[in-house]
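What follows is each chain in one-letter form.
Number of protein chains: 2
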Amino acid sequence: MTAFQDLCAHQRKVVALGQISGRLGWDQETSMPGGAGAQRGEEFAAIEAVLHQLRTDPKVGDWLSQIDPASLSEVDQSHLRLIRRSYDRNKKLPERLASELAQATSTAHAAWAAARKADDFKAFAPVLEGILALKREEAAALADGDDLYDALLDDYEPEAKAADLAAMFEALRPGLVSLRQAVLDQPAKAGVSGAFPEAQQMELALKVAQIFGYDLNRGRLDKAVHPFSSGSGNDVRITTRTEETDPFNCLYSTIHETGHACYEQNIDQAYLLTPLGSGVSMGVHESQSRIYENQIGRSRAFTGWLFGQMRDTFGDFGISNEEAFYAAVNSVRNGFIRTEADELQYNLHVMLRFDLERALIAGDLAVNDLECAWNDRFQADFGFAVDRASHGVLQDVHWSAGLFGYFPTYSLGNVYAGCLNAALRRDVPDLDADLARGDTSAATAWLTDKIHQHGSRYAPRQVIEMACGEPPSEAPLMAYLNEKFSDLYDL
Amino acid sequence: MTAFQDLCAHQRKVVALGQISGRLGWDQETSMPGGAGAQRGEEFAAIEAVLHQLRTDPKVGDWLSQIDPASLSEVDQSHLRLIRRSYDRNKKLPERLASELAQATSTAHAAWAAARKADDFKAFAPVLEGILALKREEAAALADGDDLYDALLDDYEPEAKAADLAAMFEALRPGLVSLRQAVLDQPAKAGVSGAFPEAQQMELALKVAQIFGYDLNRGRLDKAVHPFSSGSGNDVRITTRTEETDPFNCLYSTIHETGHACYEQNIDQAYLLTPLGSGVSMGVHESQSRIYENQIGRSRAFTGWLFGQMRDTFGDFGISNEEAFYAAVNSVRNGFIRTEADELQYNLHVMLRFDLERALIAGDLAVNDLECAWNDRFQADFGFAVDRASHGVLQDVHWSAGLFGYFPTYSLGNVYAGCLNAALRRDVPDLDADLARGDTSAATAWLTDKIHQHGSRYAPRQVIEMACGEPPSEAPLMAYLNEKFSDLYDL
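Line order of the protein sequences matches chains A and B. If you're matching positions, the first sequence starts at -8 in our numbering and goes up one per residue. If you're matching positions, the second sequence starts at -8 in our numbering and goes up one per residue.
Do not take every clue at face value.
[What the hints assert, rightly or not] DSS-like, lysine-lysine: derived pairs with alpha carbons at most 30 Å apart:
#	chain 1	residue 1	chain 2	residue 2
1	A	50	B	4
2	A	83	B	83
3	A	83	B	50
4	A	50	B	83
5	A	180	A	441
[Claimed, not checked] According to the in silico footprint, chain B covers these stretches of chain A (three or more CB under 8 Å from chain B):
#	stretch
6	221 to 227
7	230 to 239
8	243 to 257
9	389 to 399
Hints were generated in silico from the structure; no laboratory data involved. Note that this is a predicted model, so its numbers are computed, not measured. Ideal Cβ positions, reconstructed from N, Cα and C, are used throughout, including at glycine.
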């Protein structure tokens, strides 16, 4: 065996164990008995310790030093690049720090949940201080003197720079704020009414997931408290949730997770259990979930078809025609909560968090001032005041889990979805006629061809640029939102 | 940290990873999408390779050589004994052999399934030859010149010797053959009739599992093709199956697996994720599933209560009183299949396999003569001829999976259950009055106290002897069967 073959065999084991760890996470959210939590924590720690040990095995360093990239095919050079990247990052992190972070975030989760329940940010602040100190230490270890936040961001969005994202977001924000205000000055749209039995919601959700191309022979749909997609290759599972009075929660959560899952399922089978065999970044992943959910799933054409499905499934639910249904699906309303936000307001929630967490990591904002800074910014962007911490600074789990650098990838995903949608509509001009019949195959085939099949073969921005034929920018998303909501709200 | 503490920390990781591997097995049987099989195979191989590497890590040898057992508490000496045992066994197995066996049994499973479907033993024989050769090689590596079969048996039943089991079984066999014949000479008992909807079967099964002490906060019940119990400590899951016309399949499979699961759930929490924290042997494990299922679950007292539950659940099902129900539950009929056998005939099926596989491993029986030997022995013990290979030599998965040495632990478990039942009835003389009210708590508390809590703290025979106050023998089982079936069939 050559050094490269040895390296790939080793890496295959790492990827397989990573899949197992992911499956444990799925199990925890869908199947694990309530009393098994502490034992599961030790099981997770054991497999993560093995993974860390394998990822930083000195043999990997030896192999990497023996391999001449020029001797490899282009695909194998991609493998090598990703393995080297992972090795270098993991080697920089002292094992002590990784273990302290695991310990601290595990404790912090309970503290955050309790503080959120009590609407008491002060109770959580000291815990967050501890997490922040460890994350700044981690960032310093990774950054080699460069920007601390970039070092964390790189974990979720390889090669992205916070300054570039900030510029993109700042270009988007004024347009979003003014479009939002104009929409909310108009009369509100009517919503659905009545009861939507869980079994029928799940049945329709499963049908729609399959229409969007989700392969149940290599996946499954379950209920969980939080919708998510997990796994790569031939075992990619999604979850959703149901609310008796709101069928859109289940339906659009399912379409969103189907976007993530189809990305994973449609990756070239030749990349199975290799570093190329999963989605390339959180931003590109989110672009797939968002274009499925919003640009396709909430389009006038597709909702026209969906209206008939809803009537067949639930009978009369208070909406009398396709146009009113389209408006109900895309209704814009005031709200505090990011995860419940519509596609117009969602990015404002994200930008708020991005700016605050950058300031925290940079040391420009103290944890004790975070709640105040959150509330001021919320008032500025949304025009009304946060009424309690659980509706504001305590609403998200991310910071308690140490996930600094994660938030901006949500909006980057939306920006990428905007770019991809423009290119898709250009390449498939008759798409709406298909969508109006509930046929998404032209869209999903285009996304498979342009994005999914490549897995992690190209860098995130690169794969988007190849798909669109031009560098990504925020302009297509803003144009799409302006057009859609001006039309819907007669602006 | 002392060498012993280092060793225990290492071992805790091994046990935790073993639990993860077990959970993957549960997932495969209950949740895994059909198309994920090949990928799952690689995931299993990856975690098994890690486990093998950790179990044979030279550091373990170093620690073992540094530890003076005399310096340890009695419990810690048990830890040390089990870790040393595992290390010594694993070190004797060349990694090449382990990997060849994994490969061969994985291929053999499909070959066995195809041959069984085609009722064609000759198609499977060459594959079985390959497995047998590898198992004999494994046995030789483990045996150090001692008996080959004992070396394999030791994996399932530590410290047991095939010659002792053979003597025990030979003492049992004539009595079983003649009791069986006498029973079958009597008129057959009436069975149940009608349909038993799956949902109600599962509901009753879950209720009965809880009555037997199964803790759903640390477990769960699902459907699977084959009933099984998996996991230790605080995450012990069971599966069952349903047949529309036979409610006893679901019910007694559930009680059987509940016996396994309660053993695991009731082990002293101080042993969690240590080598002491799981059942000590297959034989002792089977004794728990069997005493739950048979000596308690099929007793006249308990079935009296169960009859009322069945009537409440299913209405009229063709049985009009408790005594007829007791007879139906314990009905003895001719049959080819071990897994469908009643408690009287079951051990004859096992002894047949035990004698044949001992002869195969010893080299006294050729694979090509196996089908003939099976059919001759079946005719001798059961009095009628095997009509096809799938009803005979191809019915069990075990040999295709390389599980030589496993079969006798089923009957050893029955023998142990007989011993424990005699001691239980002696210590809790009023048990039947409780059982007649559906209250098994006195029995399960006795088993928890005598067996479950100890986990792997004592050797298998030792824990049975401690519970019973005398060395185990086949006599109590034979006496119990004679009394029960003589009474039931008016002999």
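Now the hints, each set against the structure:
no.: 1; hint: 50(A) - 4(B); result: holds, 22 Å
no.: 2; hint: 83(A) - 83(B); result: violated, 38 Å
no.: 3; hint: 83(A) - 50(B); result: holds, 26 Å
no.: 4; hint: 50(A) - 83(B); result: holds, 26 Å
no.: 5; hint: 180(A) - 441(A); result: violated, 36 Å
no.: 6; hint: 221 to 227; result: holds (count 3)
no.: 7; hint: 230 to 239; result: violated (count 0)
no.: 8; hint: 243 to 257; result: violated (count 0)
no.: 9; hint: 389 to 399; result: violated (count 0)
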